[in-house]
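Protein chains: 2
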Amino acid sequence: MKDLKQYIADNKDRFLDELFSLIRIPSISAEAEHKDDMRRCAERWRELLLAAGADRAEVMPSAGNPVVYGEKTIDPAKPTVLVYGHYDVMPVAPLDLWRTEPFEPVVKDGRIWARGADDDKGQSFMQAKAFEYMVKTGQLPCNVKFMLEGEEEIGSGSLYGFCEEHKEMLKSDVILVSDTSMLAPDVPSITSGLRGLCYWEVEVTGANHDLHSGLFGGAVANPINILCKMIADLHDADGHITIPGFYDDVLVISQEERALMAQAPFDLEAYKRDLGISEVHGEKGYSTKERTGIRPCLDVCGIWGGHTGEGSKTVLPSKAHAKISTRLVANQDYNKISQLFKDYFEAAAPDCVTVKVTPCHGGAAYVSPLSMKAYQAAERAMETTFGRRPIPTRSGGSIPIVAGFEKILGVKSILMGFGLASDDIHAPNENYPLDQFLKGIETIPYFYKYFCE
Amino acid sequence: MKDLKQYIADNKDRFLDELFSLIRIPSISAEAEHKDDMRRCAERWRELLLAAGADRAEVMPSAGNPVVYGEKTIDPAKPTVLVYGHYDVMPVAPLDLWRTEPFEPVVKDGRIWARGADDDKGQSFMQAKAFEYMVKTGQLPCNVKFMLEGEEEIGSGSLYGFCEEHKEMLKSDVILVSDTSMLAPDVPSITSGLRGLCYWEVEVTGANHDLHSGLFGGAVANPINILCKMIADLHDADGHITIPGFYDDVLVISQEERALMAQAPFDLEAYKRDLGISEVHGEKGYSTKERTGIRPCLDVCGIWGGHTGEGSKTVLPSKAHAKISTRLVANQDYNKISQLFKDYFEAAAPDCVTVKVTPCHGGAAYVSPLSMKAYQAAERAMETTFGRRPIPTRSGGSIPIVAGFEKILGVKSILMGFGLASDDIHAPNENYPLDQFLKGIETIPYFYKYFCE
Chain G
1 MKDLKQYIAD NKDRFLDELF SLIRIPSISA EAEHKDDMRR CAERWRELLL
51 AAGADRAEVM PSAGNPVVYG EKTIDPAKPT VLVYGHYDVM PVAPLDLWRT
101 EPFEPVVKDG RIWARGADDD KGQSFMQAKA FEYMVKTGQL PCNVKFMLEG
151 EEEIGSGSLY GFCEEHKEML KSDVILVSDT SMLAPDVPSI TSGLRGLCYW
201 EVEVTGANHD LHSGLFGGAV ANPINILCKM IADLHDADGH ITIPGFYDDV
251 LVISQEERAL MAQAPFDLEA YKRDLGISEV HGEKGYSTKE RTGIRPCLDV
301 CGIWGGHTGE GSKTVLPSKA HAKISTRLVA NQDYNKISQL FKDYFEAAAP
351 DCVTVKVTPC HGGAAYVSPL SMKAYQAAER AMETTFGRRP IPTRSGGSIP
401 IVAGFEKILG VKSILMGFGL ASDDIHAPNE NYPLDQFLKG IETIPYFYKY
451 FCE
Chain B
1001 MKDLKQYIAD NKDRFLDELF SLIRIPSISA EAEHKDDMRR CAERWRELLL
1051 AAGADRAEVM PSAGNPVVYG EKTIDPAKPT VLVYGHYDVM PVAPLDLWRT
1101 EPFEPVVKDG RIWARGADDD KGQSFMQAKA FEYMVKTGQL PCNVKFMLEG
1151 EEEIGSGSLY GFCEEHKEML KSDVILVSDT SMLAPDVPSI TSGLRGLCYW
1201 EVEVTGANHD LHSGLFGGAV ANPINILCKM IADLHDADGH ITIPGFYDDV
1251 LVISQEERAL MAQAPFDLEA YKRDLGISEV HGEKGYSTKE RTGIRPCLDV
1301 CGIWGGHTGE GSKTVLPSKA HAKISTRLVA NQDYNKISQL FKDYFEAAAP
1351 DCVTVKVTPC HGGAAYVSPL SMKAYQAAER AMETTFGRRP IPTRSGGSIP
1401 IVAGFEKILG VKSILMGFGL ASDDIHAPNE NYPLDQFLKG IETIPYFYKY
1451 FCE
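Protein chains in written order, with the numbering used here: chain G, 1 to 453; chain B, 1001 to 1453.
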């Protein structure tokens, strides 16, 4: 790779300026008030793809937020890499925990601090800049397509239809995604599996209006107490999920494979120290990495009801709400799980309340075989720049559309991400180390090289 | 009582105008931003007491919100009635459930609709207008004192000290309180017992910051799930509270007394229909009226944590919170219960989280013996105007300061309230029937008459 390091060093400041122009647009897909920002962010991506060397780039309509599509064809006979990323970001609440403005990127202590610095503006932008390097230095070995969506953080609802509609346009030999993490700055790894996802909102209703907790307390069901009991009952004492049939399709990993995975370096004490916890907590019989890698889980992502403001208002509320999600593993069908939960939770409601479950979104788990040419190209690329063979890992996170790509487009994805656990994606003070950003740009051209050999 | 009905009919519109001037001041004691409104409301009460015929009236300082004090002495040798009420009101959230503005009273369908219409502006103002009638028509049979506080809805924290400091000024033979309900418009009743109260805020902390629910879910404790389990464990399957020692001091009511209380008219089907519920819910072995009257209970008044806004954000939050209250019955010491709960709940926290319990406020239960002269005067007064002997009832609600009066001032209180269960106090669309307001003004002078005979 001719002049690769020099090119990055010479253009580093411009790369950051361009990235920051994306970050400054608060493209929060979960919040309707940011509708205009979604389009603005897509338009900005289109400009940046053209500037990086795409032959054409467009902001294309979907059923929801627009999709940015760009391409450069050098020879139809050569392979095609489809780069996938997303330009939408997570909400930023609670704002008071941010040490800097979420949408005004700051470089400090060797990191970029901002919402989207890693997930996924920072990571997907590395792809654009590696592409630019290959185009500008005449070293692009294949055709490249870019597809950036605006609904990943809310389940990629519209992208499935977009892929169905544009199968021909999206034809490719592999889908390259930078939206995952490495084990540590000096321990490269490639995500060979992702968990799936299912998300519901539940509402428990007691009396038809808020009541005085003295006059009615003890005689009329309190929907918060009932909701708490129903949530508590979703796990047994060993941390297993109690929904009947929930584990039926879970892919059971062999003891040998578990032993291999256990070789990935993991310092439980440092993990606990970083999180400020005395003990980890999860399903009996599995290690911490297994609990997030090969086992499903169920978490309440939000709960609210009654008086949540200042002071000690005594009220017996009419309603209580929760947002509940599960992470699924290979073979679990999210539509089936979604229905299982809804049926179980609604039926579990005692007669004194009514319970409504609204399924929100879901996505399948994904496994990438280590025998794939693309996996091996990514492995060699990371070994070249990091000086160490990357470890295959299973991520606890979900990129539901990756399973969708396989189903709709018939193309496997390779998840070559450069994030770190300390990047606090989805949380206050999201950040992305500059070194990871630059090392990512340096690594990606090698992937192209080895994939096209 | 000379010209009593005529006086009320002639002055009704003015009575309402004056009451509305109190209601329009949003004197929410639980919200710091209403500090100025507390003083404004106290000042307005002072003017109204003077206008009603008090010799003197003052807004007096306390450790917290000011106390309105007024008096009229006709003869030091005669008995003294101390009227107690409160000018503070509950918060109004959730605002979107109100059909009218909470602080702009509207008379519709024979009811006054506003926050404070009943609790306690409407009820305490009946006392002022009955007093005015007796003064203006020369029929006041004894000395009268008024004391209106601004912290009843947050536990009367400053009034205990105020009473200690002003024992001499507050000397009286009975304390008359209109802050309770009757069984029905045609079923007068007198509250012979009140429940006590204990209130805590709890905070459960897992990791030191919000985490990605995919990357950490299943391996790190979710404080919402843990809080739900801890709340669920506060009751057993029979609806008994599980805190060790919680029931130790509960006054056990004899089977005969339970049988007597059971004679009060109560239509369970109508109760359920009014509340829109299929089943009541409470402690095994007790009727609905007993569950609120003679048994303590524990309710979550508020809960919050994680993502509570729009959309399906996947987050494993750092913290979860709840506001938890119990209602106590006679003999239970709220300070003891407060400590029992704190010790139990904090110790119940699993190692994977930390739990902090902050006691908020509390108050003792109260029982008024039916043999008291004041009880009998109230009974005769209500029988005179309602045409039916009132039934003694135990209220599930709490007026903690009433037990405080007995302890500090050595004076018993008589709880002659005219509210109805349908008044929705503490809830959206609080209201007070005009008929109850006017009938209350008509009844109170008879209390004075019979009490002084």
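Some clues are possibly wrong.
As the list claims (entries may be wrong) - Calculated lysine-lysine pairs in the DSS-like style (CA-CA distance at most 25 Å, straight line):
(1) G:Lys229 <-> B:Lys1002
(2) G:Lys229 <-> B:Lys1342
(3) B:Lys1284 <-> G:Lys229
(4) G:Lys342 <-> B:Lys1412
(5) B:Lys1284 <-> G:Lys272
(6) B:Lys1171 <-> B:Lys1012
(7) G:Lys229 <-> B:Lys1407
(8) B:Lys1002 <-> B:Lys1012
(9) B:Lys1342 <-> B:Lys1373
(10) B:Lys1136 <-> G:Lys272
(11) G:Lys229 <-> B:Lys1012
(12) G:Lys356 <-> B:Lys1002
(13) B:Lys1229 <-> G:Lys284
(14) G:Lys356 <-> B:Lys1012
Stated by the list, open to error - For each label pair, taking beta carbons as the anchor points, the in silico distance ranges come out as:
(15) B:Lys1336 <-> G:Ala32: 35 to 43 Å
(16) B:Asp1274 <-> G:Ser21: 56 to 64 Å
(17) G:Glu104 <-> B:Ala1270: 58 to 66 Å
(18) G:Glu43 <-> B:Glu1104: 41 to 49 Å
(19) G:Arg273 <-> B:Glu1104: 34 to 42 Å
(20) B:Asp1274 <-> G:Phe266: 31 to 39 Å
(21) G:Gly276 <-> B:Lys1336: 54 to 62 Å
(22) B:Ala1264 <-> G:Gly276: 30 to 38 Å
(23) B:Asp1036 <-> G:Arg99: 32 to 40 Å
(24) B:Pro1350 <-> G:Arg273: 16 to 24 Å
(25) G:Asn11 <-> B:Asp1036: 36 to 44 Å
Derived by calculation from the structure, the hints in this document are not laboratory data.
Backbone N, C-alpha and C define an ideal beta-carbon position, used for all residues, glycine too.
A quick look at each hint next to the structure:
1. Between Lys229 of chain G and Lys1002 of chain B, the direct Cα distance comes to roughly 60 Å. Violation of the 25 Å bound is thereby established for this hinted pair.
2. With a CA separation close to 20 Å, the supplied pair Lys229 of chain G and Lys1342 of chain B stays within the 25 Å bound.
3. For the given pair, Lys1284 of chain B sits about 17 Å from Lys229 of chain G by alpha-carbon distance, which is consistent with the 25 Å threshold.
4. Distance hint between Lys342 of chain G and Lys1412 of chain B is unfulfilled; the C-alpha atoms sit about 55 Å from each other, more than 25 Å.
5. Between Lys1284 of chain B and Lys272 of chain G the CA atoms are separated by roughly 43 Å; this puts the pair beyond 25 Å, and the hint is violated.
6. Note on Lys1171 of chain B and Lys1012 of chain B: the hinted pairing is violated, with a Cα-Cα distance of about 32 Å set against a maximum of 25 Å.
7. With a C-alpha separation of about 39 Å, the suggested pair Lys229 of chain G and Lys1407 of chain B falls outside the 25 Å cut-off, and the hint is violated.
8. Note on Lys1002 of chain B and Lys1012 of chain B: the hinted pairing holds, with a Cα-Cα distance of about 17 Å set against a maximum of 25 Å.
9. A hinted pair counts as satisfied when its Cα atoms are at most 25 Å apart, and Lys1342 of chain B with Lys1373 of chain B does not qualify at roughly 41 Å.
10. A threshold of 25 Å between alpha carbons decides the hint, and for Lys1136 of chain B with Lys272 of chain G the separation of about 75 Å lies outside it, so the pair is violated.
11. For the given pair, Lys229 of chain G sits about 51 Å from Lys1012 of chain B by alpha-carbon distance, which is inconsistent with the 25 Å threshold.
12. Restraint check for Lys356 of chain G and Lys1002 of chain B: not satisfied, since their Cα atoms lie roughly 59 Å apart, outside the 25 Å limit.
13. With a C-alpha separation of about 17 Å, the suggested pair Lys1229 of chain B and Lys284 of chain G falls inside the 25 Å cut-off, and the hint holds.
14. Proximity of Lys356 of chain G to Lys1012 of chain B is assessed by CA-CA distance (about 48 Å); at most 25 Å being required, the pair is judged violated.
15. For the hinted restraint 35 to 43 Å between Lys1336 of chain B and Ala32 of chain G, the CB-CB distance of approximately 50 Å leaves it violated.
16. Between Asp1274 of chain B and Ser21 of chain G the beta carbons are some 59 Å apart, a value that agrees with the proposed interval 56 to 64 Å.
17. Between Glu104 of chain G and Ala1270 of chain B the C-beta distance comes to about 60 Å, which sits within the given range of 58 to 66 Å.
18. Taking the beta carbon of each, Glu43 of chain G and Glu1104 of chain B are about 47 Å apart, inside 41 to 49 Å as hinted.
19. The hinted window of 34 to 42 Å between Arg273 of chain G and Glu1104 of chain B is violated, with their beta carbons roughly 56 Å apart.
20. Between Asp1274 of chain B and Phe266 of chain G, the C-beta spacing of about 58 Å breaks the proposed range 31 to 39 Å.
21. One distance hint, 54 to 62 Å for the beta-carbon pair Gly276 of chain G and Lys1336 of chain B, is violated here, with the actual separation near 34 Å.
22. The supplied range of 30 to 38 Å is broken by Ala1264 of chain B and Gly276 of chain G, whose beta-carbon atoms lie about 55 Å from each other.
23. In this structure, Asp1036 of chain B and Arg99 of chain G meet the distance hint of 32 to 40 Å, their C-beta atoms being roughly 35 Å apart.
24. At roughly 19 Å, the beta-carbon separation of Pro1350 of chain B and Arg273 of chain G lies within the given 16 to 24 Å, and the hint holds.
25. Range check, Asn11 of chain G to Asp1036 of chain B: about 59 Å between beta-carbon atoms, so the 36 to 44 Å window is missed.
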